[in-house]
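Read top to bottom, the protein sequences are chains A and B.
At position 76 of the first sequence the residue is numbered 76 (this note's numbering), and the sequence of numbers has no breaks.
Plus 1000 on top of the position in the second sequence (first one is 1) and you've got this note's numbering.
Derived from the structure by calculation, the hints contain no laboratory data.
One should not assume that every hint holds.
No more than 27 Å apart at the CA atoms, straight line, and that leaves these computed lysine-lysine pairs for DSSO-like [to be verified]:
1. A:K10 to B:K1169
2. A:K33 to B:K1169
3. B:K1017 to A:K103
Stretch by stretch, here's where chain A covers chain B in the computed footprint (C-beta under 8 Å, at least three residues) [claimed, not checked]:
4. 1028 to 1036
5. 1045 to 1059
6. 1117 to 1125
7. 1131 to 1141
8. 1161 to 1172
Beta carbons are placed, not taken as given, at the ideal position from N, Cα and C, and that holds for glycine.
One-letter residues, chain by chain:
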Amino acid sequence: MDNNLIQNLKKLKNINPNHDFVRTSRISILEIKQKPALNLNIWQSPFIWLVPAMFAVLLIVVFNLTENKGDLSSLSALNSNHILQEYNLGINIQLKEISYDQKVNQTIASALSEISDTKIQHLNRDILTSEEEGFDLTEPTDQNIDALLNKVIF
Amino acid sequence: MKDEDLFIKKAKRGDEKAFGVLYDEYIPRIYRFILLKVSRKQDAEDLTHQVFLNAWQNINRYEFRGFPFSSWLYRIAVNAVIDFYRTNKHEQRLETTPEEDLSETSELNDTVDHVLDITAVKTAVAKLEPDQQNVIIMKFVDDLSNKEVAQALEKTEGAIRVIQHRALKQLRAIFNDNKPKEA
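Here chain A stands alone, though its shape is the one from the complex:
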């Protein structure tokens, strides 16, 4: 039984591709160039010139760094403690600027309110109060100053 089966299977050998298909397929395949093989040999690479060029650039950079900066470890850019100090300093400066700006804003606001005040008052009440506190009415006056003032006023 198996022999019969195998003989039947062998009859399938008579199946062959169409001649026109074979001819056309062969021509079209052989017209195509092969993919270039992956060349791991760096000495044959077209970019081999990049290797010494990059090496030279690296040497120049390292040379400049070591010549100008001396001890590389003293570079503040490489010292994390210095970086932290500079960072904190920056924050402090910003906080002081904010505080200053706030005082300026208050002063401006006071001046604007004094200007906009339509009542006949020559001086800001808060200023008068604060100046009054500084007055010492028992202090003897300077008669020369008094004479001058009288002259001006009257």
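Place chain B on chain A using the hints.
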């Protein structure tokens, strides 16, 4: 194939004539293998073309090391068929073998019976599982050794023998089912 190694070496260096010789040697087998798997002639031609194109473009990756060139081609063909079914996801359509695809050496008197026999065997083979089809076609149609089949299918020779045994058993069952019942 005589001097096959020489042709392979030349083809690896880009010699298209050398690859043409390999193409002529193996295209009947690869086409036959694929046609028995996919059944439709147009699909078989497309896939066969794809297999040899792939082989030509990647022949630099082939190294002998005890792995024959035919096994390498069959492996490309197996993968091409797998991808074909993955992308097409249609069931096999069984076509009768056109007379033009039969060898011209067939005797004219036997042509009709020949065609019927071949169609019956094709139908039976198409009903097998993919691995069984592969083993049956490679071993009994293309006369590959167990070792070559194992290398092409990336299995052990022992596994190939087991698959062959099951495939033949299955084919016997299919042929028995198709036999007309005696009255």
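We went through each hint and held it up to the structure:
1. A:K10 to B:K1169: 17 Å, holds
2. A:K33 to B:K1169: 46 Å, violated
3. B:K1017 to A:K103: 92 Å, violated
4. 1028 to 1036: holds (count 5)
5. 1045 to 1059: Three-residue rule met by the stretch 1045 to 1059 of chain B, so holds; n is 9.
6. 1117 to 1125: holds (count 6)
7. 1131 to 1141: holds (count 4)
8. 1161 to 1172: holds (count 3)
The structure fails to meet hints 2, 3 from the earlier list, while all remaining hints are met.
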